[in-house]
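Peer 1: The primary structure of each chain is shown beneath.
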Amino acid sequence: MSEKRKPAYPPLALWGVFLSVLTGVGVIFFGTSVSTPALLGGAAAFALLLALALAVTRRSVQVEGGGTDPEGSPATVWLALSLALTMAGVALGPWLVFIGGGMTLIGVGGVVRELRAQRAAGRGEFAAQGLAKAPGLTGPHPPPLRQVEVDAAPHAGGEKR
Amino acid sequence: MTAVLSSTDHKRIGLITTVTAFCFFLIGGALALTMRAELQKPGMQFLTEHTYNELFTMHGSTMFYLFAAPVVLGVGLYFVPLQIGAARLLWPRTALLGYWLFAAGGVLMYSGFLTQQGAASFGWTAYFPLSDANATPGVGVDFWVLAVIMATTGGLLQAVSLLGTIVRLRAPGMTMLRMPLFTWSQLVTVFMVITGFPVLIVTMALLQMDREGVGIFSASPEGSVTYQHLFWFYGHPVVYVVFFPLVGAVGEIIATFSRRRFFGFRVTILSLLLFSAISMAVWGHHMFATNQVSNRYFSLTSTILLVPAGIEYFGFLATMAGGRIRFASPMLFAIGFVLLFLIGGLTGIMVASPPLDYHVHDTYFVVAHFHYTLFGGTVFGLFAAIHYWFPKVTGRLLDERLAKATFGLLFAGALATFIPMFILGSEGMTRRVADYLPVHHWTTLNTISTLGAFTIALGVLVFLVNLMRSLRLGERVGPDPWEGQTLEWATTSPPPRHNFAALPPVRSHTPLFDLREKGRDPLREVGLRRFHPSPSSSEEKGGNAAMEAAR
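Protein chains in written order, with this note's numbering: chain A, 78 to 238; chain B, 66 to 616.
Please note that a few of the clues may not be correct.
What the hints assert, rightly or not - Partner residues are not named here, just some residues of chain B that face chain A (Cβ under 7 Å, in silico):
1. 107
2. 109
3. 110
4. 111
5. 112
6. 156
7. 175
8. 178
9. 208
10. 232
11. 260
12. 346
13. 359
14. 458
15. 586
16. 589
Stated by the list, open to error - What follows is a list of derived Cβ distance ranges for each label pair:
17. A:91 to B:95: 28 to 34 Å
18. B:538 to A:84: 46 to 52 Å
19. A:94 to B:538: 49 to 55 Å
20. B:559 to A:84: 28 to 34 Å
Worth flagging that the hints you see were computed from the coordinates, not collected in a lab. The beta carbon of each residue, even a glycine, is placed where N, CA and C say it ideally should be.
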């Protein structure tokens, strides 16, 4: 059960347009210093580019929607704490940066391993690849989502009291 | 516990983010009480000036970086997927990584107190050159800068995950205009986060490089103004980041407890977009006194914020005006939000005017103004959201009498603490000072303010007692104790791992309300029972008690 998704980019595009107008008003009517158009215009450009990216990458709705998320991701926690140690190393010395950096590499490896196992699970390749005991892969597949049929007549919208 | 802390379930990530942020709120509040106790009368009572500087710096930093921004994202991570009918969060590892960076950042920031030269002491804004290595040397200050980078990156990652979820995982029929008000307010918040937060991350990285001896801001006489531009480009929108989602939550609470749809839903959505866009263009009003920005432009943008804000307030009032209002605790907190935030908003218009701003710049007037937006907005909005959604998260109701006592104490405390600050600020009491002279005759107002702060603390204490008690002894309720309007109420309380077994049709932003209008029971339609009986009571008794408490 899937249907074409309604586009999600218009709010972001509209927001980018608002930012562009605010930038333009500042430059044209108030002669704002370079910092203002640089920051606000940069934000506007970013919003518009992101909206464009969303517009060209539309996908169909996945009603099941659950994917094959694992119950937990210890590797992600390891990665975060390793990054934190690395950051603390900036203040405490290179020795901690090196330790944290090494731990970060291990963490990245763990996350990659989890992702690979997750993809394999998604393809139903558990048994074939012997990954059944890989960490974080105990999560259940979500049950198929049922949408109840109550009344086929479409609602007029959100304004009705 | 390990399973909870490494879970990829959006509800667990949202919950641990919210709980951790709330713990930081308690710590930040304790710092505020210490400062208020010191300021109660003239003379240094028990703090040194340096310690006082550390306290106000850590109080502001905690409340912004470690409480307000994370807590609204945490609530969003829990409820946005539920509200849009999604079974999960897109990129849950990103959100989990975000949580841990934020939590580790908090620990690192507070580690500054353990260092020889103490924690950061330059205010939560870390103005340059006050924050350079000469003015404020020490590892504790470095910790602060790095912690801000980590906590802000964490928030950014969680926002990206939320954005992806809204874009990709909406249920069938859930068009953008059928998303609930809270989800919309989260969406516009995410827009501000993804454009504002990276600027702060880069700014703090540059500041740290400057502290390490690489000439960045110190390379030019204009470096300090450049720093202010960069900081406030994040610093002002973040004020909106921390209350926008709660505007959405309060709107839904008002609609639910007025037993009608939110008035002017689509116009309110447009106003949220406009409000958030304009809020990106007002940062210069923090710099009026520098004479380095176009005061006329930033005064204009700061003043026209009134228009979208007025639309939202009109929506709140018009929804209540035609409704049959139930004054349950979530509604009381929502009304408290509306009233207190109004004070913050109206005084914001005053400081948006450069001549008035020159007079009250860096005084307690500004402190009072932003505490009415942050305490009145974020804290009251958060308490409204907690009292509203607590039954969904735990399956139990908070005790209504204790909840109303909490509301009374917090509301009275907010007025007593911050109203005197307006007068003190107008009379010239500057902020960020540890002492004042007796000749100013500010002792009475400061005493009232201090008593108000302790009243707030008492209110928070009553809330914590209620929370602990209700987690174990609270009345058990079913999926929908409030007769909610949005999809999160169409599943069990607490929701299962993948949220829904079945969804009702989505044809507006209030799918459950639509069904009730047609004379159908939304819960029955999705195969749920209205009330789950508590082990010690019959279904009839449990149900009636829950509805009685709600009404």
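Peer 1: So the hint says 28 to 34 Å: do the beta-carbon atoms of residue 559 of chain B and residue 84 of chain A match that?
Peer 2: holds, 33 Å
Peer 1: Checking hints one by one. Is residue 586 of chain B an interface residue toward chain A, by the C-beta closer than 7 Å rule?
Peer 2: violated, 11 Å
Peer 1: Measuring from beta carbon to beta carbon, are residue 91 of chain A and residue 95 of chain B in 28 to 34 Å?
Peer 2: The hint (28 to 34 Å, Cβ to Cβ) is violated, given that residue 91 of chain A and residue 95 of chain B are roughly 43 Å apart.
Peer 1: Quick one, is the residue 232 of chain B hint okay against chain A at 7 Å, beta carbons?
Peer 2: Status holds, d = 4 Å.
Peer 1: If I claimed the Cβ atoms of residue 94 of chain A and residue 538 of chain B lie 49 to 55 Å apart, would that claim hold in this structure?
Peer 2: holds, 53 Å
Peer 1: Does the nearest C-beta of chain A fall within a distance shorter than 7 Å of the C-beta of residue 346 of chain B?
Peer 2: It holds, given that the least Cβ distance between residue 346 of chain B and chain A is near 4 Å, below 7 Å.
Peer 1: Against chain A, run the beta carbon of residue 208 of chain B and see if the smallest gap drops under 7 Å.
Peer 2: holds, 6 Å
Peer 1: Are residue 175 of chain B and chain A close enough, Cβ to Cβ, to be under 7 Å, as the hint says?
Peer 2: Violated, because the Cβ-Cβ distance from residue 175 of chain B to chain A comes to roughly 13 Å (cut-off 7 Å).
Peer 1: Under the criterion of a CB-CB separation shorter than 7 Å, is residue 260 of chain B in contact with chain A as hinted?
Peer 2: holds, 4 Å
Peer 1: So, residue 107 of chain B near chain A? Judge it on the closest CB pair being under 7 Å.
Peer 2: Violated, because the Cβ-Cβ distance from residue 107 of chain B to chain A comes to roughly 38 Å (cut-off 7 Å).
Peer 1: Would the hint on residue 110 of chain B stand, with a C-beta cut-off of 7 Å toward chain A?
Peer 2: Violated. Min distance 33 Å.
Peer 1: Holds or violated: the hint that residue 178 of chain B contacts chain A, with Cβ atoms closer than 7 Å.
Peer 2: violated, 14 Å
Against the hints set out earlier in the document, violations occur for numbers 1, 2, 3, 4, 5, 6, 7, 8, 14, 15, 16, 17.
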